[in-house]
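Based on the provided sequences and hints, a complete structural model is requested.
One line per chain: the protein sequences are A and B, in this order. Just so you know, we're using this note's numbering here: the first sequence kicks off at 1 and counts up by one. Just so you know, we're using this note's numbering here: the second sequence kicks off at 1 and counts up by one.
These aren't lab readings, by the way, just hints derived from the structure by calculation. Please note that a few of the clues may not be correct.
A pair counts as met if it fits within one copy or between any two copies, since identical chains are not told apart.
[Said to hold, decoys possible] For lysine-lysine, the following DSS-like pairs were computed, each having C-alpha atoms within a straight-line distance of at most 30 Å:
#, residue 1, residue 2
1, 335, 277
2, 17, 335
3, 161, 335
4, 126, 299
5, 288, 57
6, 335, 126
7, 57, 328
Residues per chain are reported as follows:
Protein chains: 2
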Amino acid sequence: MGSALIFPLSANGVTVKVVGTPFDREIIDECIRTGRNPKVSRPFPAGISFHYFEEWKDIVPGSDFVIGGISSYGAEWFLEEVLSCMPADIPVLSVVKGLRVGGDRVLSTWPEYWEKQLAAKGLDRKVYMLGGPGIAQDIIDGEHTVTTIGGEDPGVLRMMKECLETDRLHVSRTHDVTGLEYAVAIKNAYALGPAIAIGLGRRKGAERPTGVNAQAAVFFQAAREMRRILRTVGAESDCISMGLADLFVTVEGGRTRSLGILLGEGLSMAEARERLKGVTLESISAVKSLYEGISILAKRGVMTSYGKVRMAEFPLIEHLYEVLFHGKDADFPWKRFSFDLS
Amino acid sequence: MGSALIFPLSANGVTVKVVGTPFDREIIDECIRTGRNPKVSRPFPAGISFHYFEEWKDIVPGSDFVIGGISSYGAEWFLEEVLSCMPADIPVLSVVKGLRVGGDRVLSTWPEYWEKQLAAKGLDRKVYMLGGPGIAQDIIDGEHTVTTIGGEDPGVLRMMKECLETDRLHVSRTHDVTGLEYAVAIKNAYALGPAIAIGLGRRKGAERPTGVNAQAAVFFQAAREMRRILRTVGAESDCISMGLADLFVTVEGGRTRSLGILLGEGLSMAEARERLKGVTLESISAVKSLYEGISILAKRGVMTSYGKVRMAEFPLIEHLYEVLFHGKDADFPWKRFSFDLS
Numbered sequence: 001m002g003s004a005l006i007f008p009l010s011a012n013g014v015t016v017k018v019v020g021t022p023f024d025r026e027i028i029d030e031c032i033r034t035g036r037n038p039k040v041s042r043p044f045p046a047g048i049s050f051h052y053f054e055e056w057k058d059i060v061p062g063s064d065f066v067i068g069g070i071s072s073y074g075a076e077w078f079l080e081e082v083l084s085c086m087p088a089d090i091p092v093l094s095v096v097k098g099l100r101v102g103g104d105r106v107l108s109t110w111p112e113y114w115e116k117q118l119a120a121k122g123l124d125r126k127v128y129m130l131g132g133p134g135i136a137q138d139i140i141d142g143e144h145t146v147t148t149i150g151g152e153d154p155g156v157l158r159m160m161k162e163c164l165e166t167d168r169l170h171v172s173r174t175h176d177v178t179g180l181e182y183a184v185a186i187k188n189a190y191a192l193g194p195a196i197a198i199g200l201g202r203r204k205g206a207e208r209p210t211g212v213n214a215q216a217a218v219f220f221q222a223a224r225e226m227r228r229i230l231r232t233v234g235a236e237s238d239c240i241s242m243g244l245a246d247l248f249v250t251v252e253g254g255r256t257r258s259l260g261i262l263l264g265e266g267l268s269m270a271e272a273r274e275r276l277k278g279v280t281l282e283s284i285s286a287v288k289s290l291y292e293g294i295s296i297l298a299k300r301g302v303m304t305s306y307g308k309v310r311m312a313e314f315p316l317i318e319h320l321y322e323v324l325f326h327g328k329d330a331d332f333p334w335k336r337f338s339f340d341l342s
Numbered sequence: 001m002g003s004a005l006i007f008p009l010s011a012n013g014v015t016v017k018v019v020g021t022p023f024d025r026e027i028i029d030e031c032i033r034t035g036r037n038p039k040v041s042r043p044f045p046a047g048i049s050f051h052y053f054e055e056w057k058d059i060v061p062g063s064d065f066v067i068g069g070i071s072s073y074g075a076e077w078f079l080e081e082v083l084s085c086m087p088a089d090i091p092v093l094s095v096v097k098g099l100r101v102g103g104d105r106v107l108s109t110w111p112e113y114w115e116k117q118l119a120a121k122g123l124d125r126k127v128y129m130l131g132g133p134g135i136a137q138d139i140i141d142g143e144h145t146v147t148t149i150g151g152e153d154p155g156v157l158r159m160m161k162e163c164l165e166t167d168r169l170h171v172s173r174t175h176d177v178t179g180l181e182y183a184v185a186i187k188n189a190y191a192l193g194p195a196i197a198i199g200l201g202r203r204k205g206a207e208r209p210t211g212v213n214a215q216a217a218v219f220f221q222a223a224r225e226m227r228r229i230l231r232t233v234g235a236e237s238d239c240i241s242m243g244l245a246d247l248f249v250t251v252e253g254g255r256t257r258s259l260g261i262l263l264g265e266g267l268s269m270a271e272a273r274e275r276l277k278g279v280t281l282e283s284i285s286a287v288k289s290l291y292e293g294i295s296i297l298a299k300r301g302v303m304t305s306y307g308k309v310r311m312a313e314f315p316l317i318e319h320l321y322e323v324l325f326h327g328k329d330a331d332f333p334w335k336r337f338s339f340d341l342s
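Here it is as structure tokens:
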């Protein structure tokens, strides 16, 4: 997503300097040599400069803002090596997707966690974030995309929006950072569901193929569980709708789709990972943190606007956890996806 | 959908008698002759009997329940010719999808309207209904489907569920008939949106194809408007999730999808209708009644839990109405699908 945003920024005449993490040396080599990131389908626009990690402290001062294009696997590193050393007056827009398990809140978004850790060091920084619904490839291809940026200061959000918005990239603004971050993080877990349903239909020796109704049945259960979680954390209504649209687009075209289909087809988790080697699969950590977080909340009997958190109300995330981490077959407990008179 | 339900009923050993409307004489002829409905992809199971409309009053007495497998275009006829003459003790399960404009409520569901009209004739009848998320073809093919039946009496709902539920058809029960009916009716209108986005991408001479992000952008706006409407009528949370899953499945595989894609490709409404001749397009009446209903509520300045109804908050339904009824090009007012700080 970090690479994708270079395209609209450049189209708007914004000067973009790309800095790799210490793990990206080879990619930066390649960018400098050829003007393209080997993982990105087309060359970057002209005029972009590429830099090794060591250079960041020289490059960042004087920037309007910094985009943190890292995955959830780099979130702790980003806190220590970048956010903690960043000049105080430069806003940061994060595209990280994920939740962190631990602490008083049990589950927290990365911006929440970062801000708290920075505050403990005496650093007052609000992190801005960018979320769905949209996949990076379509932004690169200049297709119509509605995306959302969240954060505290309306002026900073306006500045970021002006840099990003094009005739094809439509940017919403919200103060509901928690709702946005949760929506983006949990859809990565839940999108595995309908994708598995597609794979089940392709399974060798399947008695019958599964059709769109099977996907819809799992989409329904995903929507129910996502709404429960989003309302529990107080997400505003636009972010709930955004989360469900993000679920839709991730089922339609994201990397999570590929993993789900392989599992549905009957591959083991190890086999599926082998096939998708080199692809960052955020859905795996999303399922883990969500399942662990809900389990802890359920054990503690935490009250929400929906009554006590009960694991029984999250049969889909429970199933996904068993499939990903305990070798359970991916076929669903379908009957648990219907509801009855209350 | 009426024809589709014959398959699970028959699998459960329920005796099914199919009665055609006066407009279905030729189909009933064909069913008697060949055991199949020419509009349905496979023959009916053995043991089903087929009857002309005149026979219904002889057949219905003694039945456990009657399924009204009619479209919204037959809703007034169904009230006059069937519901008004039906024995009082036989429950009716309707699969009709649609809203009716008129009366004090401005927009009402068909069950609401029927019950009111019957009450005015001194007839006390509650109508039961069946809704998504699911398309008929997948039920016919025996694929996993979660569907929902709604109504007042838990015992009647249990009886209907026992007749319909199989190892592949999973039946939820709800008392929230209004939420269920609204969800089912309005998704037929809103599913045109993402389907148009698919068609836009195939449009001849399109500068660029549209990708999944464009569908997601319209899905997002559809989800926002549907949630607004469903919460306004007091739909319960399971029915809101069901409505969004029904939106998903209708975009993926329903008839509304075909119409939307043709419009997106650039065909006029007349050309699209010509291509889809013989197909019942409930989305057309769904868009019309929804647009007209919201317009009236907005003009009256009706208050809801969301504040006053304002047409400006429904840019997608407004656009679809202009496309379907005033020849507007199907390409979207994309910028209206983003939101801003409130």
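Here is how each hint holds up against the structure:
Taking identical chains as interchangeable, the C-alpha atoms of residue 335 and residue 277 are never at most 30 Å apart, the minima being 34 Å within one chain and 38 Å between chains. Proximity of residue 17 and residue 335 under a CA criterion of 30 Å is satisfied inter-copy only: 28 Å between copies versus 52 Å inside one chain copy. In this homomeric assembly, residue 161 and residue 335 come within 30 Å of each other (Cα to Cα) only across copies, at 13 Å, whereas the closest approach inside a single copy is 45 Å. Taking the closest pair of Cα atoms, residue 126 and residue 299 never come within 30 Å of each other, the shortest separation being 32 Å inside a single copy and 43 Å across copies.
Proximity of residue 288 and residue 57 under a CA criterion of 30 Å is satisfied in neither setting, with 35 Å inside one chain copy and 59 Å between copies. In this homomeric assembly, residue 335 and residue 126 come within 30 Å of each other (Cα to Cα) only across copies, at 28 Å, whereas the closest approach inside a single copy is 44 Å. With identical chains, the CA atoms of residue 57 and residue 328 are never at most 30 Å apart, being 47 Å at best within one copy and 53 Å at best between copies.
Violated hints, in rising order: 1, 4, 5 and 7; the structure is consistent with all others.
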